[in-house]
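There are 2 protein chains.
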Amino acid sequence: MPYFDAASAAPLHPVARQALLAALDEGWADPARLYREGRRARLLLDAAREAAAEAVGCRPDELVFTSSGTTAVHAGIAGALSGRRRVGRHLAHSAVEHSSVLHSAAAHEAAGGSCTEVPVDRFGAVDPAAFDAALRADTALACLQSANHEVGTEQPVAEVAALCAGAGVPLLVDAAQSLGWGPVPAGWSLLTASAHKWGGPAGVGLLAVRKGTRFSPQGPAGERESGRAPGFENLPAIVAAAASLRAVRDGAAAEAVRLRALVDRIRSVVAERVPDVEVVGDPVRRLPHLVTFSCLYVDGETLLHELDRREFSVSSGSSCTSSTLTPSHVLKAMGVLSEGNVRVSLPPGTAGADVDRFLEVLPGVVAEVREGLGAPASAAPSPGPAASLVVDALGRRCPIPVIELAKVIGEVAVGATVTVLADDEAARLDIPAWCEMRGQEYVGEEPADRGSAYVVRRLS
Amino acid sequence: MPYFDAASAAPLHPVARQALLAALDEGWADPARLYREGRRARLLLDAAREAAAEAVGCRPDELVFTSSGTTAVHAGIAGALSGRRRVGRHLAHSAVEHSSVLHSAAAHEAAGGSCTEVPVDRFGAVDPAAFDAALRADTALACLQSANHEVGTEQPVAEVAALCAGAGVPLLVDAAQSLGWGPVPAGWSLLTASAHKWGGPAGVGLLAVRKGTRFSPQGPAGERESGRAPGFENLPAIVAAAASLRAVRDGAAAEAVRLRALVDRIRSVVAERVPDVEVVGDPVRRLPHLVTFSCLYVDGETLLHELDRREFSVSSGSSCTSSTLTPSHVLKAMGVLSEGNVRVSLPPGTAGADVDRFLEVLPGVVAEVREGLGAPASAAPSPGPAASLVVDALGRRCPIPVIELAKVIGEVAVGATVTVLADDEAARLDIPAWCEMRGQEYVGEEPADRGSAYVVRRLS
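Protein sequences appear in the order of chains B and G. Those letters in the first sequence? Residues 1 to 460, per the UniProt record's numbering, in order. Those letters in the second sequence? Residues 1 to 460, per the UniProt record's numbering, in order.
Since the hints were derived computationally from the structure, they do not count as laboratory data. Mixed in with the good hints there might be a few duds.
[Unchecked claim] Covered stretches of chain B (in silico footprint by chain G; criterion: 3 or more residues with CB under 8 angstroms from a CB of chain G, positions within the stretch not fixed): (1) 2-12; (2) 29-38; (3) 64-77; (4) 100-110; (5) 190-203; (6) 219-233; (7) 294-305.
All values reported here derive from a predicted model rather than from experimental measurement. Beta carbons: idealized from backbone N, C-alpha and C, even for Gly.
This is chain B alone, in the form it adopts within the complex (with noise of 0.2 angstroms):
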């Protein structure tokens, strides 16, 4: 039952198991006791946080360890705005943060900050120079993650670091995509990352925090972790946190090697073998184990499922997928294709066979979803003769404004529009990106009654 989704969730390693067993019987006590059970915990907590630090590559007093990935760029940022609010309340984020950035950008504007979204290309890597555009001298804090989580896409941390420092404005790196494959390139401020990512147990962040950065902890006051993450400190799993990031690192180079020779396959074969898929993110600078491909009229949900009853576990950025009815951010910013949206991200020892096996049976799939919803052929049509169409698509849902499109594109005149009347906000990162597969002209998006008006412009 080949599991391809380590980018949410890795599981446990045996080093992480193993540390886990063995803390929860010396590690259950208060490390702040003076006890030998509190001065066991006391010592299997700093042995720990040693052990991170080294990974991280800062100080062990410069880490604390907290509740999650999540609460630690939470905490980070806050305390890191709070730290530097005399120099000014500016954010500056890459427009493809994790979800945890966002929202505290959003938390942070909402509370009267301002922030800048720096854009990123087509690959979703920024622009150096772009960043370090956004950088004013009201900035109190600049953010951007090691890579992207969603099409494994590298940024440009260092050169970022050297113009954040130029700036004097501290940076905080989101390494929870990267961590257990290697250290987050010098000339970082903050550094957060998430255990359950790399194999440790959920239930643990790092945060790291450089001696001379201003910070702040907001909230309300803790006497645990520097004060800088409350709550009893969650031993076991911190413990084993430590002992896995380790354990995956020494053998990560190897792996690496490995899983990126398996990742290069899945890029080319599912270019080569299913037709009309958008294969994104950058095919070199990116992480070893992660592929992001879009595959055009198709429900992203039914894939999945289709996929899963095939025994392949993987997830989704499509809007057809998710609770929240937009398609994710990331593509967004991409301005790539987000329909039959698919991610696999390669857990550690994935057998080549499984991988085989995937790229044997996604194209049959693919073509079986495409036949369920009625898709048209990949062909081109040859030009009709009607002057121009409007497809009423309101009220229906990713993929299916796309395929109403791509129906009737072959009735008009070259020359000619087309107009979507769609109400699905995947239709306003669809429509473009399926022109630009295929070779139509993506007027522009008007507004409508309802929803919105997408013309195209049938050019062969």
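Given the structure of chain B, go ahead and fit chain G onto it with the hints provided.
The following block gives chain G in isolation, referenced to the frame of chain B:
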């Protein structure tokens, strides 16, 4: 090796351990995902929520899992205060709440809110009428613990809940110390608890919010746990917490009777065999497993160290064992002695023989510590000739100022005063407590060049 500090953290219950292990295999995936590992995780999460809700006495959709009891309190108070912001910004709470409540209150005041601390009697309980008097037209929230974590006294929750209902004020009950022993009396609007206090794992708190209670989660938005607890669910620990709560509750009634008798024995034997001791907290309306006493002329840290050497693990609310240099706010609010303070909290299953051995060892250890400090004998010396005296204990820490007072009281005539100059915070609590225990008159405190001057009049 008897561990008598269950109120800090209980060793992991065997059922918790078993459930945790099973859930590590079955519940590591993201419960928000559609594939089988995700669905399996979702089933486990739903079942855990149902079990915990049943134990709490609420609907499953009223309960979320947080990362600790502390974060449950922080989130509960912040959400309830914000939800009723239009009503007003006043918070009422008892003076003996857990630090997580007091820190939330301090943060609320720092943000412009107002707070009323309801005092407690010498047993540590609030008077319902006094609590009622603290409720105002602009009171957004009231907080009362179910039972005190340092002295075990149960609070009149049902009475206070009825008064809050009458005033239209929601009541948050912090049930961290009592939930393993039984449900909280009805009438609460919000309830918080902490799994590692009942033998569950660290890393899990409960926050229940009754339907109809205005609640607006604070901090960055989150997709998990109804937006009330950020971060990836710590599912294996949640499963273990719910399973162990059920298991602990099954045996709670019988075990409560047994531990109650052991604690009664500690209460009477300590008062009998240890001279100059004050056993505090309500002797009847109390948690079954917890007792606190304070020993005059004893340094808390040395006492704990000596008990630890004899393999007894207990904790203390004395300033001389804490890093804050202030005595426990609970003992302070009760107006009882804080020096030489010992809290004994028995985990379920504690052997009676271990308690007997503790009671055999304790008197000798206390005597030894007193001897080391040159403490005066218990018997009151016959009155001396001096009219009045000033004792300089500046720079000396608890219990030295009280020892110095006791040494010279014999030198002054009946009716004369001893003035103790001290800058240790504990003196403010312990000198009046000494007077109460010794039948001398505490005249009062006067400002001095350094620290304070505490005036005591000899009555006998």
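Each hint, compared with the structure:
For the region 2-12 of chain B, the stated coverage by chain G holds: 7 residues have a C-beta nearer than 8 angstroms to a C-beta of that chain, and at least 3 were required. By the rule of at least three residues with a Cβ nearer than 8 angstroms to a Cβ of chain G, the coverage given for the region 29-38 of chain B holds, with 8 such residues. Check result for the region 64-77 of chain B against chain G: holds, 6 residues qualifying (beta carbon to beta carbon below 8 angstroms, three or more required). Beta-carbon proximity to chain G at under 8 angstroms applies to 5 residues in the region 100-110 of chain B; the threshold of 3 is reached and the given coverage holds.
Only residues whose beta carbon comes within less than 8 angstroms of a beta carbon in chain G count, and the region 190-203 of chain B has 5; three or more means the coverage holds. Only residues whose beta carbon comes within less than 8 angstroms of a beta carbon in chain G count, and the region 219-233 of chain B has 9; three or more means the coverage holds. With 3 residues having a Cβ less than 8 angstroms from any Cβ of chain G, the region 294-305 of chain B passes the three-residue criterion, so the hint holds.
In this structure, every one of the numbered hints holds.
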